[in-house]
Each structure stands twice: as C-alpha cells, then as structure tokens.
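Here's the letter readout for the chains.
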Amino acid sequence: MKLELHRHRNLLTGFFVATALVTFVVSLVLLFHKKGVFALQYNLSAVFENGVGLRPGADVLFNGVKIGRVESLNLSGRGGGGDVSSGKVVLNLVIDRKFQDFITSRSVAFALRDKNLVSDRVVNIETPGPGGEILKTGDTLMVSDSRDIETVLSGLTNLMGKMDALINSIDGIVDMSKDPNTTVGAMLGSRELYDRLLAGVNNVDSAVHEGRQVLGKVHSLSDTIHMALGGLLARADTTSRKMLGTMEQAEKLGAHANVLAERSETILVRMDQLMVQGAGKMDQAGDLMDAVSQLWFIRGKMAAKGGYPVLLNESGP
Amino acid sequence: MGGPAPIFLAAALWALSAAFPPAARADASPRHAERGVSAYRAGQYDLARMFFAKALQDAVLKGREDWIAKATFNLVDLELDAENGIEAARLLEGLRARETGARAVWLWKRSQLAFLRRDLSRATSLIDSALALAGGDEEAETSMRLDRMRYLIRSGSEPVWSREYQALRKKAGRKRSAPLDAMAAAARGRFARADTLWRESMERYREQGRLAKVAGSLNQSAICLFALGRRAEAAEANARAVAIFAELGLEIPGLRAQALRLLLAEDQGELAKLRRDMDLLVGRLDGFDLQGILDEYSHSLRFGATGNRDQPGGQSPDPGSPFLLHP
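In the order they appear, the protein sequences are chains A and B. For the first sequence, the working numbering begins at 348 and goes up steadily by one. For the second sequence, the working numbering begins at -15 and goes up steadily by one.
No lab work stands behind these hints: they were computed from the structure. It is possible that part of the hints are untrue.
[Unchecked claim] Here are some chain B residues pointing at chain A (derived, C-beta under 7 Å):
no.: 1; residue: 58
no.: 2; residue: 61
no.: 3; residue: 200
[As the list claims (entries may be wrong)] DEER-style ranges, computed between Cβ atoms:
no.: 4; chain 1: B; residue 1: 268; chain 2: A; residue 2: 424; range: 41 to 47 Å
no.: 5; chain 1: B; residue 1: 46; chain 2: A; residue 2: 424; range: 55 to 61 Å
no.: 6; chain 1: A; residue 1: 475; chain 2: B; residue 2: 267; range: 36 to 42 Å
None of these values were measured; they are calculated from a predicted model. The beta-carbon is built from N, C-alpha and C at its ideal position, and this holds for glycine as well.
Please model the complete structure; the sequences and the hints are all you need to start from.
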C-alpha cells in the first residue's frame, strides 16, 4: 500500500515536470516565432505621399516578380502642420526571406498598376545596380514617384498651373505694350520692364518645351492604356454576363475608366489651348518687335522686306 | 458593357497625337531675322539673340544653307558686339560656308574675332583671305577694307598704314570713315582731334542703330579726354559709357569700360573699392582679361604720357596706375 502511494507520487511529479517542460518549450518556440527567428518572411516599410489604390494584401513585386504583400497601411505622424512627414502613408510590407539579398539600401519602391488601367496598384521594387547594404526587418525602403497614368496626369495639372500663371503675367505686360506711343517707348527705355517681358517669354518657351516632354511621356503610356483596355473590357463583358455582383464591379471599373478618360481629355484640351497660347505669346512678342520697327528712330534702318536681313557689321571701338 | 469609356479613351489618344507641335510656318526664318534686327536696332540684345536663334533654328529645320549662313552671321555679329568671343567662335566653327560670298564673310567674321582677341597678325591674314574671295559686293568689300585698316592701325607704325589709309578714306567717304579717322588720330597722338571724331562716330553709329558702338565711342572719347588731362570730363564720359552698356545688358563691354575707372579714379578709397569689385567680377567671368585691357588703355595713352601734339598747355595726364605694367 505504501509502495503504491509512493509510485503514484512519482507519476504525478513526472507528469508535472513533463508538462512544465512541454509548456516551457512551446512558449519558447512561440516567443522565437513571434520574434521571427523561424520566420520565412521579414518586414520592411515604405513611406508614400499617397496611398490611393493601395490596399492590404496588394502584391509586392521585385522587377515584376511577386516577392511579398502589403500587410498594412497607416498614416504617419499625428496630424497638424509641424511635422513634414505627417499625413504620409506608411506601408508595412511582408517580403519572403529568400528574396532578402535582392533588396538593398539602393532599392527604390514605387506604385504601379501591373495589369491594366484600372486594376489595383501594386508596389514594385527595383535595385539600380550592385552595392548597398541588404535591408533587414524593420528597415525603410526609398520610394520614387508612381509610374502610372494618374501620376502623369497630376504632373500635367501642376505644369498647366505654372503655365497659366506665366501666361497671365505675360498677358499683363503685353497689354501694357499695346499702345505704341506710350508703353512701347517706356519698355524700350526701361530695362526692368524689358527684362520682365523677356523672362516671361523665355519661361513660356521653356514651359511649352517641358509640356511637350510630359506629353511625350503620356504618349508612351498610351500604348499600354490601349492594350490594357481591350483585356479589361473583354473581362468586364464576360463577368457581366455571368453574375450580377461582378457586373456591379465592372460598372465601377467602367466608371473609373470614364473618369480617367474625361480627365485626360479635359487636360489635353487645356494643354492644347495653353500650347497655342504659349506660341501666341511668342508671336505677340514678335508682333511687338514688328511694331517697334515702325517707330521713328528705327524706321529706315531695317533691311527691305522680302530679303533676308543680315547685319554684317564692321568692327569698331 | 461597352459604354462611353472606349470612345473617350480613343478621343484622348487622338488628342495626344494631335497635341504635338505643328509644322513651322513658311518663311519663319526671315521673319524672325527681321524681328531680330529690329530688336538689335532698338538695343534689345537679349531679345535679338532670341529671334536670331529662332531664325537659325528654322533655317536648319528647313535645310536652307543660305539662311543658315545668314542667321549664323547675325548671331556672330551680336556676340561680337557683346564681346562674347567663345560663343562667336562656336558659331563660326559650326558653320560650313560653301558658297564663295558666304565663305568670304565667314573669313571676315573670323578676322573680327581674332581682332577681339587681340591676335592682330591672324586678323590681318584672315581679312586678306576674305578680300581675295569677296569679288562683286562692293559694299562688303569696303567694310572689309575698313576693318583691315583698323587692324593695321592697331598693330603697325604709321608709315605702314598711312598711304593705304588715305586712299581708303577717299573711297569710303567722310561720314563712313569717321570711326577709322578717330582711331588713326588717336594712334597719331592727336587726342583733341580724335575726341571730336569719336563724337562724330557716335552719331554715325546711332544712325546705324549700333548702340553698343555708341557706348564704345564714348569710352574712346573718355580715353582721349584723359590723355588731354581733362580727367573730370573723361570720368563723366566713361560713366555714361558704362551706364549705356549696363542699359543694353552688355556685361563684358561694360566691364571693359569700367576698367578705365581704375586709371581715372584719384581717390585711393574709391580705387581700392573699384579694384575689389573688378577682382570679384574677373573671377566670375571666365576669359575676361583685365590685365590685357589695362595694357591696351596704357598703349592708347602712351602718347599722352610722353607729351602729345594736341595737348593744351603741356599738361600731362597721369596714367600712372599701379595696374599698368607698360606705361
């Protein structure tokens, strides 16, 4: 009887010891797992100006190959005007550890639409050339401007704002110089006024040049848009026949495309008007010179109309 | 599904392709050149440069070699007035003048560039080559000969150029040869006569609409007045010349004129300030040869320092600036 009691006690002690050991090991494993010791993934963050179109679960690509996903999005800072980073969008990215060596301190992340014009955005990472330290868990990636139609259109809108202001300032000066008896004389006599006109004309000239470059970018994107559109509409058609929910989604996509298309059209029409206006200002500056050439102290010094006027000056003092 | 999306996008794509710049209008190059000449005559050199550059751009786009040459010569003349030798050289080096007349003008402009850089022997050999090619255009030939005489007067002693000078001034006429006469009179040490002639030249240049040369003549007049010992009048003329250059936006000629102040200023404080300002500007402007300019002024004043024939009352000016290496 005494021996049996002793055996029971040993069994109970063994059970408690074993349970404690298992609990300890499991806790240790859980703790290490939580710390990421056994994890096959690691976390990076990236701070974007705008998170529109980016959602948790969105793909993270490296040179177009999927390497992870967006875990969460948060706003940085606490609001208010003091902190310049306040209100920016912080993306927490989960990346497969096997791709860790590809992502270095030189890598740049940017948002794009990988499928078509209206698909959700994904985050693509590029590493320009070798070098740089490999990023570890918790490090922050550098970001660059998004490479999609919204960003280009937004750039166009900003550019047009600048051009508007420039053209308005020139308008003022050209208006001032419409009366050849007063203001043109003043302009010729005033270096300051002349410099303002010249700076305005030059700025419009360079802005028009800049505008053409932006349009070039849009043009290069247009092929992608065109190609994506067919696939998108085909997909929308198929799904609309199949089920109502997908139909609603397709309508939303269509509306999105509509908004973009209308926005593109409006911007391009305005851009065209501004380009014409810019060229018009250059012509106005030219017309101004034609008027100046009629002034008494210049008249008669001009080469005959029709030929090609050449100065051919002698040397002098 | 369909909807208006494809129509809008198609319209957007069409608008994209349509938004690119339209083809240049016909005869834009001569029109821009006319505007450039108007701006030049009005003393608006920056605007003139812009129009001449547009004229050249249009000529290149249209592939018109004659226009390319003329537009380039306009730009070269402008840069020579602005004393921007680097830009003038770049323009001339980029021009391939195949036609004989254009090649003669090209050589002439290169000689003017050499003259600007004070390479007088090269300037003379280039203008001789230009004259050999310039058959038929009497007006251009006379201009070239007047320039050749300028180079000779600047480089040689009087017996070398005296006879040729007399023959040329008869051919060119009194009015046209006024700047050359002024230069010759100064070279002979007749500063009072030279001063009068430089003032006549100012009128001549004003009529031609060459406002940079008006200021240049005024500065030459200041040199003559200084040589005559009329320092206050010289300082006033020099200040006016500097102001005109500033109004025209011609920085290098303005600085060249301003350098004369280093010789004219009597007050040591003013002199020190001028020197500091000039040192700063010289450091900023690549290729601005202040010492060379002072040497040139010194050369012009040499007759004044040794007692010239026109000097009233035997009063000797004092070109003894600490910056003159060869007084």
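Hints that the structure is at odds with (numbers, increasing): Result: no hint breaks.
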